[in-house]
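For reference, the chains in residue letters:
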Amino acid sequence: MRADAMSLTEPPFAGAESRVLVLLAHPALHKSRVNRRLADALRGLDGVTLHDLYDAYPDFDIDVRREQALLLAHPIVVWQHPLYWYSTPAMLKEWQDLVLEFDWAYGPRGRALEGKLLLQGITTGGRADAYQPGGFNERDLRGYLVPAERTARLCRMTYLPPFVTFGTHRMDEAAIVARAADWRALVVALRDGRVDPARVAALATLEATDLGA
Amino acid sequence: MGSMLAQAFVYLVAALVVVPFARWAGLGSVLGYLLGGVLIGPFGLGLVGEEGADVMHFAEFGVVMMLFLVGLELEPERLWRLRGPILGLGGLQVVGTAAALALPALAFGLPWQQAVALGLVLAMSSTAIALQSLAEKQLLKTDAGQKSFSVLLFQDIAVIPMLAGFPLLATVAVTAADDGHGGGSIVDHLLPWAHAGVVLAAILGVIGAGRFLVRPALRLIARSGLREMFTAASLVLVIGVTLLMTTVGLSPALGTFLAGVVLANSEYRHELESDIEPFKGLLLGLFFLAVGASIDFGLLVERPGVIVGLLVGVMAVKAGVLVALARGSGTPLGPSLLFAAALCQVGEFAFVLLSFTERGGVLPPEITRPMVAVTALSMAMSPLVLALWERAIAPRMRAGAGPEREADAVDEENAVIIAGYGRFGQIAGRLLRSVGHGVTVLDVDADQVEVLRRFGQKVYYGDGSRLDLLRAAGAGRAKLLIVAVDEPAKALEIVHTARRHFPGLKILARARGRAEAYELLDLGIEGVYRETYDTSLRVGVDALRLLGWHGHRAVRAARTFRRYDEDGLAEMARLRHDQAALVTTARERIRELEEILQADQAEAKELQADPGWDADGLRAAAQAAPRPER
Chain A
1 MRADAMSLTE PPFAGAESRV LVLLAHPALH KSRVNRRLAD ALRGLDGVTL HDLYDAYPDF
61 DIDVRREQAL LLAHPIVVWQ HPLYWYSTPA MLKEWQDLVL EFDWAYGPRG RALEGKLLLQ
121 GITTGGRADA YQPGGFNERD LRGYLVPAER TARLCRMTYL PPFVTFGTHR MDEAAIVARA
181 ADWRALVVAL RDGRVDPARV AALATLEATD LGA
Chain B
214 MGSMLAQAFV YLVAALVVVP FARWAGLGSV LGYLLGGVLI GPFGLGLVGE EGADVMHFAE
274 FGVVMMLFLV GLELEPERLW RLRGPILGLG GLQVVGTAAA LALPALAFGL PWQQAVALGL
334 VLAMSSTAIA LQSLAEKQLL KTDAGQKSFS VLLFQDIAVI PMLAGFPLLA TVAVTAADDG
394 HGGGSIVDHL LPWAHAGVVL AAILGVIGAG RFLVRPALRL IARSGLREMF TAASLVLVIG
454 VTLLMTTVGL SPALGTFLAG VVLANSEYRH ELESDIEPFK GLLLGLFFLA VGASIDFGLL
514 VERPGVIVGL LVGVMAVKAG VLVALARGSG TPLGPSLLFA AALCQVGEFA FVLLSFTERG
574 GVLPPEITRP MVAVTALSMA MSPLVLALWE RAIAPRMRAG AGPEREADAV DEENAVIIAG
634 YGRFGQIAGR LLRSVGHGVT VLDVDADQVE VLRRFGQKVY YGDGSRLDLL RAAGAGRAKL
694 LIVAVDEPAK ALEIVHTARR HFPGLKILAR ARGRAEAYEL LDLGIEGVYR ETYDTSLRVG
754 VDALRLLGWH GHRAVRAART FRRYDEDGLA EMARLRHDQA ALVTTARERI RELEEILQAD
814 QAEAKELQAD PGWDADGLRA AAQAAPRPER
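Line by line, the protein sequences are chains A and B. Heads up: the first sequence begins at 1 in the working numbering, then just goes up one per residue. Heads up: the second sequence begins at 214 in the working numbering, then just goes up one per residue.
The hints are simulated quantities; they were obtained by calculation from the structure and are not laboratory data. You can trust all of the hints, since none of them are fake.
Not the full set, but computed from the structure, chain A residues with beta-carbon under 10 Å of chain B: (1) His26; (2) Pro27; (3) Leu29; (4) His30; (5) Lys31; (6) Asp52; (7) Leu53; (8) Tyr54; (9) Tyr57; (10) Pro58; (11) Tyr84; (12) Gly125; (13) Gly126.
Note that the structure is predicted; figures quoted are calculated from it, not measured. No residue lacks a Cβ here, since even glycine has one placed at the ideal position from N, Cα and C.
Extracted from the complex, chain A is given alone in its bound form (with noise of 0.2 Å):
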């Protein structure tokens, strides 16, 4: 059955040496004006897997012992997607309870994704001010985000902290451009083991500019 659908949902691997797999969770990318932007600010990049789940699953039937190899493959692993419900999109969700096997990702003997580092690059509407205590949202965006956090905590994974882009509804071509080269900065830099998570642990967001010359 599947083989014949094989070749159009192949994903994209930059060759042996590829180090970050960037999992792109977005259902309708032709709608999108930012992510589909971002992600396409990452094709092309040596040593960066780009792997759009909803195209690759377009029925949601993930292949887990294929995405199991992909993640062994690549050190570092990033979640790209935006913000709904105060959530990652169904796909995502769908990967995590399919992919994170007992005995495999946690558990006793879950070994497979320790000491990989775990980033989240993430869209959202509201702005920046809409996430803080008293602001719309109520708390701040790292809130909203405990359970992903969690997640690689318990994969013995190592969650940086993530790459977000807020206020989305009024960004503008030169803004989202900009944003782009940001994303793109930031995961190369990741590539290329320029991200020490100690030293970035304490921030509430990571861009490339942290980071220092």
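Since the structure of chain A is already known, use the hints to place chain B on it.
For chain B alone, coordinates are given in the frame of chain A:
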């Protein structure tokens, strides 16, 4: 020719007159046939069987057919699973009854060989009467019914060693030649051990031929696709075995029973069953008629005390042993009595064995003649005994304490039947099997059936539109019928038949295209599947993706398309009835295609506008409002 037709006419009229009356009187069809036989027999109107042998000759073929069918029902595996009750209960019944009857025979001064042979012969019960009566009263599935079945089964099998072993018990010099059994046996003048050897060789021959000759032959015939050729082949098989068995001096009933068992595992089992079944129904009736006609009232009038004494004695001893066995195995009294009532007669095998023992010099005619009369009379009494049980015991049982234990599920009918196991049916079937749901498969492609069987699948040769075949495949108990044949007219026929006769059966059916789907939708079945629809839709999805569409978007578009299309299909199926003409001609199909395309155009806007994850409205609101959301 004329006299044969006249005889057939008499038998059929007797059945038509007496049997419905007996059913109406609550006596069951078996007793009806028996009474009909008495009525037309030499001691009634004398319309048939001036010579009793003629009638019995007829009768034997009815039993032959029945035993072939009993054999067909007995897959070796099923036999194996029932081995406990069959060997335990059946073995004890035969041995116990034989002993209980041989002891008084010894006391009457018979040599031990004769006493043992007589005991064994009389231990046999009537499969025909017991199974037919129990089935008619719907008691076959009860605990007692299942026990009866097991015992009858053991007896059916026990006949083989008896036939093989009886020559060793011969004490009487064989004087009489063949007594009307025609054909002439080639073994009459052999020594007992040689006789036993020939019998064994014949049995092995039937088993070997059934396994290695008959199946390929049936496959060739099935490939011809002519149904009546298959019916002819079924009859040739039964008659052929009968002739072979007669030639070597064995019971034809036994031979066909064995042939049946050998073929029980074959893909042609259901087809053979439904071909033989009508013949068997009539011939079994004929058998009962013949038994009725053969009752020797002359002997009864001559020595009423002896005959009645023997009759009552034998039945009482048999019933006693049966009740003791059932009680011993933990069955309550009521069902134990049913068990006894069902099996306390002496069965048709006794006729066979008595004539065999007489010819083989095991028992003298002075013993076999009255015993034939006792056997026939006990068979005639049997329905009465069962009716008595039904009137006197059954009501009390229901009123009594514990509810009767639900019968063990002996049938292992599959919940799903798939009619048509080609490219289409196979995929659904493989899915069901892969998750552990057994399916019973019917297919008419002999080559295909053969291949599938080789891979260990349960596939039967046959056409699912035949009611008898559907029934034989277990449609009465199955939950689901998948109609996957490729010919639309045949599919409709199967659905019609199944709907009418098995209203509880859910049906999923394959349709070639829209026109065929309409017809099936009209029948209100659970599912209608256009055969190339899903595949074609998948091609559409992949085409969109190769054109650069995001995978999830393409799949959602196809889902929406499908929803509209299926709604449209259902609507057109309804509208169609308002139009005078049905869509049958090519021109009308083209016109319908136009309608569909127009509808597509009208829906195109909606199809293209997937409202999911639409941020436009949200964005507009966010830009208008001072505080953006989400």
